[in-house]
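Residue numbers (the numbering used here), protein chains in the order written: chain A, 1 to 270; chain B, 1001 to 1270.
FYI, nobody ran anything at the bench for these hints, they're computed from the structure. There could be a bad hint or two in this list.
Derived DSSO-like pairs (lysine-lysine); straight-line CA-CA distance at most 27 Å [as the list claims (entries may be wrong)]:
hint, chain 1, residue 1, chain 2, residue 2
1, B, Lys1223, A, Lys59
2, B, Lys1059, B, Lys1021
3, B, Lys1059, A, Lys223
4, B, Lys1223, B, Lys1059
5, B, Lys1223, A, Lys223
6, A, Lys21, A, Lys59
7, A, Lys223, A, Lys59
Protein chains: 2
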Amino acid sequence: MRWRLRGYNAASRLPAEQLAKGIAAYSSGNHAQAVALAARELGTSAVILMPEDTPDSKKEATAGYGAEIVTYDRYTGDRVAIGEALAADRGLALVPPYEHPHVIAGQGTAALELIEEAGELDALVVPVGGGGLIAGSATAAKALLPSVRVIGVEPEQGDDTKRSLEAGRRVSVPVPRTIADGQAADIPGELTFSVNRRLVDAVALVDDDQIREAMRFAFERMKIVLEPSGASALAALLAHRIGPVPGRVGVIVSGGNIGARRFSELIGAS
Amino acid sequence: MRWRLRGYNAASRLPAEQLAKGIAAYSSGNHAQAVALAARELGTSAVILMPEDTPDSKKEATAGYGAEIVTYDRYTGDRVAIGEALAADRGLALVPPYEHPHVIAGQGTAALELIEEAGELDALVVPVGGGGLIAGSATAAKALLPSVRVIGVEPEQGDDTKRSLEAGRRVSVPVPRTIADGQAADIPGELTFSVNRRLVDAVALVDDDQIREAMRFAFERMKIVLEPSGASALAALLAHRIGPVPGRVGVIVSGGNIGARRFSELIGAS
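Could you put the whole structure together from the sequences, leaning on the hints where they help?
Structure below.
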């Protein structure tokens, strides 16, 4: 079960006495569930900070792994500040969603597994939010396949990593309005950017309609449920946003945390 | 690509001169797409007979593999008679959806692959419509694991195989009203029943609400799209309809031919 590494990697390297006190994280999606599962498997407890309006399906999935859920108002609260206060208050180790070398290394197992299973690739297309998934994936992919081209994909409104790579320094954009809520970062992470500026070859942009089309394609032809942020790399490929396809292309689809009702609203099916 | 065997198996064993003239099939689901793909891969043509009101997504998927689609009115037409006339008329080889040893053998690769990948199983739960999938799966499973318990699952209204196994002969039921359209058979096939009466240990029944619940579970927790017929075996497990679970249980989920709109209608999401 290599995928567990993504949640495991950061948690399992904590000092034992810290681990015993419990783990905290802020996330409503993959990271929440990964940390909750890692805590259970490592025999400790997890407290996850989630926005109040997180869909019940996500809360239930996280609680189902045994985590305690604490909510906050996403319009008035700052999740980093609240998360840090919560962790300090209870003596928990805070596992950040992307700005940490162990988290990045864990996320890189996505590319590692893909290449182990699919073999040689000429390009790898990866969604970019905070930049952790692509930083880890690019590190793993280029170690295995030095000539692979790594292409990030951002929503058009949230092109902070594209702009930052072009500028050679971290640039912020207005808080993006996009259905790809997992990619709504407005500035690259410091650590992730330091990796990505060395290893990412290009960033493509997709709009919300292209993301919806990819979600529908995955649903109807691949029988896979993708949330918007998880579908953006596939969208870039289907909508020909990554330029001429150079041979064998790997695409990371990275999340399906979406309820059936929201899914059908988004792809215009109801 | 072992899964191709399911479409391949019957088609590739046709005499070459017959194969060259083309293949015909009647189906709106998996079988339509399997035969269309097999024909393309074998370098011949396919004509698929589908109900007029088949969702566009299924027609497009089948046409996308290069098949010609001929439609009929499902309320007034008999698909077997029309299919046979069409095949005779054009000199095509008709590949039936379940009543054929090569088709059954091809369907059995589902269990073969499952066991090769998952290892030892104590029970295998399989959806039952015409009975081909379970006949092939039971044959493969019991050859590999002689003590495995094979449990079929039918919709409550379409319990023709359960009644037939209890009676020791093929019994028909009124045409079933169920959301599991791929399991709306009213009498077991002759050939499939002759296999299943030897190899199937029990048949469990599920209602439409249990199927909907399994579709929602697969969507939200497994990120897999299932059509009702494809979800029934999972439904039986989740709803505790198969009795005490005897150790390791394999479940065959067998189809996701459903559009996003119909999906959300069915699970009450819109």
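A quick look at each hint next to the structure:
Distance hint between Lys1223/B and Lys59/A is fulfilled; the C-alpha atoms sit about 16 Å from each other, no more than 27 Å. Only pairs whose Cα atoms come within 27 Å are accepted, and Lys1059/B paired with Lys1021/B is accepted, the gap being roughly 22 Å. Of the pairs offered as hints, the one joining Lys1059/B and Lys223/A holds, with about 16 Å between alpha carbons and a cut-off of 27 Å not exceeded. The hinted pair formed by Lys1223/B and Lys1059/B meets the criterion: a straight-line CA distance of about 24 Å does not exceed 27 Å.
For the hint linking Lys1223/B to Lys223/A, the alpha-carbon distance of about 8 Å falls within 27 Å, and the restraint holds. Restraint check: the Cα-Cα separation between Lys21/A and Lys59/A comes to about 22 Å, which is no more than 27 Å; the hinted pair holds. Our distance criterion of 27 Å between C-alpha atoms is met by Lys223/A and Lys59/A, whose separation comes to about 24 Å.
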